[in-house]
Amino acid sequence: GQNIDQPTEMTATEGAIVQINCTYQTSGFNGLFWYQQHAGEAPTFLSYNVLDGLEEKGRFSSFLSRSKGYSYLLLKELQMKDSASYLCAVSANTGFQKLVFGTGTRLLVSP
Amino acid sequence: GAVVSQHPSWVICKSGTSVKIECRSLDFQATTMFWYRQFPKQSLMLMATSNEGSKATYEQGVEKDKFLINHASLTLSTLTVTSAHPEDSSFYICSARDGRLGVFGQGTRLTVV
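Residue numbers (this note's numbering), protein chains in the order written: chain B, 1 to 111; chain G, 1 to 113.
Looking at chain B on its own, in the form it has when it is part of the complex (with noise of 0.2 angstroms):
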């Protein structure tokens, strides 16, 4: 099976930079990805790793290390329309390739 873990709340202020962690346990790793979602809204895609190391898009950075089972979200030059859930998802390459989501993150970005 599989275990993923992220805090449920985080508050950061405009401007800033915030980091959200994701911890996970799967059998046959494929790949871990990185939504967005807004309340009542479908979950956008942000960002994608298979391979060790930080992935940069913009404001929005993702990190990876298969050995430690970690991951991060790193969002840089906080707005507020950054506030949202933040969710972590791990791909298993058994089966069909599900994704399977972590609890996710609401972060909260304050004036």
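These are calculated hints, taken from the structure and not from any lab test. Hints are not guaranteed to be accurate.
[Stated by the list, open to error] Derived, one-sided and incomplete: chain B residues facing chain G with beta-carbon distance under 7 angstroms:
hint	residue
1	Ala42
2	Met80
3	Ala84
4	Leu87
5	Lys98
6	Phe101
7	Thr103
8	Gly104
We put the beta carbon where it would ideally sit given N, CA and C, even for glycine.
For chain B, the structure is supplied; the task is to place chain G on it using the hints.
Chain G alone, transformed into the frame defined by chain B:
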């Protein structure tokens, strides 16, 4: 980019009735689609994997006779919530893999009264 369309966006139904939710991949073929359920302030919980031309694979604890899944073509999967009860009220979201990327539908908010 790849688009997954889900319909309806919201539905209100009476307790005991059945509701069908459609999930379509608009510009790519999806032999596999996934159905998730999300309760307020919680993450997405995988319910089942929908496979074109064969039976769906359900996650542990999900009643296959209550949540009927049909994947009749490479672009359409349907989820039918049978004999719905208020506790089935939730946000249902489908997803399809376009290569490595999971693309999500808009979601369906189901309210059972």
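Now the hints, each set against the structure:
Here the hint on B/Ala42 is kept, as its CB sits about 4 angstroms from the closest CB of chain G, short of 7 angstroms. About 20 angstroms separates the beta-carbon of B/Met80 from the nearest beta-carbon of chain G, more than 7 angstroms, and the hint is not met. The criterion of a C-beta within 7 angstroms of any C-beta in chain G is not met by B/Ala84, whose closest approach is roughly 13 angstroms, and the hint is violated. Against a cut-off of 7 angstroms between C-beta atoms, the interface hint on B/Leu87 holds, since the closest Cβ of chain G lies about 6 angstroms away.
Satisfaction of the interface hint for B/Lys98 is found here, the shortest Cβ-Cβ separation to chain G being roughly 6 angstroms, below the 7 angstroms cut-off. Evaluation of the B/Phe101 hint against chain G yields a held restraint, the C-beta minimum of about 4 angstroms falling below 7 angstroms. A hinted interface residue such as B/Thr103 counts as satisfied when its beta carbon comes closer than 7 angstroms to some beta carbon of chain G; here the least separation is about 5 angstroms, so the hint holds. Of the supplied interface hints, the one on B/Gly104 holds, with its beta-carbon coming within about 4 angstroms of a beta-carbon of chain G, less than 7 angstroms.
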